[in-house]
Amino acid sequence: MDERPYTKTELMICVAARLFQDGTTAFIGTGIPMLAAMLATKTVAPSLVPVFEFGGTGAILEKLPRAVGESRTFHKGLVASGICDTMETAQRGFIDYGFLGGAQIDGYGNLNSTTIGDHDHPKARLPGSGGGNDVGSLCWMTVAIMQHDQRRFVPKVDFVTTPGYLSGPGAREAAGLPRGSRPINVVSTLALMDYDRDTCRLRLVATHPGVTTSDVIANTGFELIIPGQVGVNEPPSAEELRLLREEIDPERFYI
Amino acid sequence: MQVLESGRGELIQPPDLEAFREWNRSHKPRKLIDKLMTEQEAISRFVTEGCYIGTELYGSVRCPMSLCREVVRQGKKNLRVCGQGVLELDLWLAAGLVKKLDITYIGLEVYGTSAALRRAVESGQVETCVEWSNGAISWRMKAAAMGVPFIPTRSMLGTDTLTYSAAQVVEDPFTGLKVCLLPALILDVGLIHVHRADRFGNAQIEGISGFAAEMARASKRLILSAEEIVATDEIRKQPDRTIIPYYLVDAVVHAPFGSYPGEMAYVYGRDETAVREWVEASKTAEGAQAYLDKYVYDVKDHGQYLALIGQERLTQMVAERERRE
Chain A
1 MDERPYTKTE
11 LMICVAARLF
21 QDGTTAFIGT
31 GIPMLAAMLA
41 TKTVAPSLVP
51 VFEFGGTGAI
61 LEKLPRAVGE
71 SRTFHKGLVA
81 SGICDTMETA
91 QRGFIDYGFL
101 GGAQIDGYGN
111 LNSTTIGDHD
121 HPKARLPGSG
131 GGNDVGSLCW
141 MTVAIMQHDQ
151 RRFVPKVDFV
161 TTPGYLSGPG
171 AREAAGLPRG
181 SRPINVVSTL
191 ALMDYDRDTC
201 RLRLVATHPG
211 VTTSDVIANT
221 GFELIIPGQV
231 GVNEPPSAEE
241 LRLLREEIDP
251 ERFYI
Chain B
1 MQVLESGRGE
11 LIQPPDLEAF
21 REWNRSHKPR
31 KLIDKLMTEQ
41 EAISRFVTEG
51 CYIGTELYGS
61 VRCPMSLCRE
71 VVRQGKKNLR
81 VCGQGVLELD
91 LWLAAGLVKK
101 LDITYIGLEV
111 YGTSAALRRA
121 VESGQVETCV
131 EWSNGAISWR
141 MKAAAMGVPF
151 IPTRSMLGTD
161 TLTYSAAQVV
171 EDPFTGLKVC
181 LLPALILDVG
191 LIHVHRADRF
201 GNAQIEGISG
211 FAAEMARASK
221 RLILSAEEIV
231 ATDEIRKQPD
241 RTIIPYYLVD
251 AVVHAPFGSY
261 PGEMAYVYGR
271 DETAVREWVE
281 ASKTAEGAQA
291 YLDKYVYDVK
301 DHGQYLALIG
311 QERLTQMVAE
321 RERRE
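Residue numbers (my numbering), protein chains in the order written: chain A, 1 to 255; chain B, 1 to 325.
Be a bit skeptical, because a hint or two may be false.
[Unchecked claim] Derived contacts from chain B toward chain A, CB cut-off under 7 Å, selection only:
1. T104
2. I106
3. G107
4. T113
5. D160
6. D188
7. S209
It should be emphasised that the hints constitute simulated quantities derived from the structure, not laboratory data.
The C-beta atom is built at its ideal place from N, Cα and C for all residues, glycine as well.
This is chain B alone, in the form it adopts within the complex:
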């Protein structure tokens, strides 16, 4: 296939499919092993400085916020990150942890652009931004999940998004169509928050699944946080809901309200007041730092964080949850 056009962006995490297979053979036990551990242990064992890391879904929706705060607390630096981020990547950017970005969207939704992103990129603290669409980054993980080196798409063509990506355009040998080839994205570490998991890592999600299935299968190390830790018998009652099988998982962390201040479908709603607190605080570097001090550095763990938030607000968020009826 002749390459017709090449994105000029850096391929921040070049995929090695043979190494990925071998990794999956040698580092992912098929035996049911108890992987329940604290967030402190999970992050310190599996997140290394300079690693390529991603989070699912995004800050205000079923996002592993407690794990993201722990990454900040442990000060894991020079991270190469894919995102797709709302509040969670803002925290990493504000804490100065991000070196390179495969960026799709980092913003504050209703509240507009992210001041933390602007400061980090415009100052040069983030060395490079490689552009992708949300579809593209998910398909890149899907390619890795399929165990193939790339996946073709008809998106991104003709745009600067493609020019500043690391995609390539070729003529498809079967149909003659011009297609955009997206390189497989194999993450060093994936962080996913789920509704329930057992101690071995079998995990179930309710509501939309975002890109959890793809990220779980594309990550060399996968850390799950779960609202509930359940017995495997509970998993076995609805195996059709198991979107992440245990053998993909390296660590399981029990994190009730793990997505707070974001929402968790059918469990709790999002705390708009708390979201706005970050929106306001993050407008200046000093404000962002004070927020990190209060909600991350000065609390020891997720338990202390929840105590700081207080039961009253958490109860209120449960009352505001999406309901099935």
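Chain A extracted, bound-state conformation:
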């Protein structure tokens, strides 16, 4: 058994994996969401149906997909179709969860993966929406998984690539996004967060072991809602760590 202490990234993946519900459909974005989904299928959600945007539905995740279109996204799968099918399936209300990453997030859960600085003269040109905007628009519930620091948790994202709650209560519906679709959680390298029902602002739920509420506040560039009771997330179990290190990412792409 690998005795090394767990890293922040490993813990983040474990906390995210525990959010998956068995017997649901979940749109999986590139990167950390893939590791979380794979861990979930080996622990809390063995009958999860992962959906990957270029057409893979219901794959058995035996090897970590490195991309949203590669054959591991439909390995022993139920369906190998195309992107219009998966996105339309989400648009019809069949996809329960969406798991996403992003470069920046604001207090309403809006995500930026397009540009840092002005769009037309960017300081940094990032990849763009990819399927992110579709997932954040069309899935019932979305979860963002992010590194946690002041550069990423910002008062205002430079570019709203993917919708969270937009400008606040009622804004999604007013924009025309499907009724009842919404962001539900953010899992970071420091904490688990959800959204306050009345204000639609991010709220701390539980810190990671060894992380204080002040640490989270100090690394967040906007006012995070701090409830009276803040929990502490369970550290990775020996089994979760073993699965991550030996079965999910033995090549260490991410962990």
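Since the structure of chain A is already known, use the hints to place chain B on it.
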């Protein structure tokens, strides 16, 4: 319908549906014609400077990499491109061929942002980036495939992705819902890599189909590369797999390992070492140029490229393919 909001992005390729029908009537023979040709001939005949061009699926997965390298080799400039790209559009960006982008995602997946994209956009070499989601760009092709001028979606609403696109928001006259209207995207040229095709262009794909069906039907000129060229009788054995019928196709190029260093489902896996070689090389303009020299400009064609890669690595990639059992 009253327009409630308009994206400020340029409509880089305005659709003309009547002209598209007439094009399809006059430029797409219904007769079974032998379209097998070399990559050199296909690209020089059908890809013109300044044309609007797209590639399917993307660099590491069933992507027409050999055709993309030939575009670089022939130096087709001022391209207007839709993407959705990983390695293939990186090559075009690094070679300075791209003028305008309908961009959805250009990056290096696991390896993060694309340095080639950053250099090309931040320097102003790419004149404009019009934003879309992956769903949106595929639906734009679907609208063209349907032969209609636009398609409504409930995606992109409320975001800067919409603000910097060329989409429009209207109230749907039937339901009163606010919907985002995506203009049909009719490409001048589409490049698609398939598992097998006959000489006439009837083509079959295994595994996910990405947006091949939509792009094939949305392109005025369609160049296919195929792992295998088969007799039409083979196509006829499984007509249910024919995702691209011959009359859509202008050129068929035989390209075994045509998606390398990307994967081809059930045929070969992706070469991670080769992918990383680009990731490292492309960090600087000089590195990218040296890579292009070695793998594109200094090899005459795809055959020479494969010789450079060597049989040993190709055999290894076949061993690492996805299997059906």
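*Unmet hints by their number, sorted upward, for this structure*: 6
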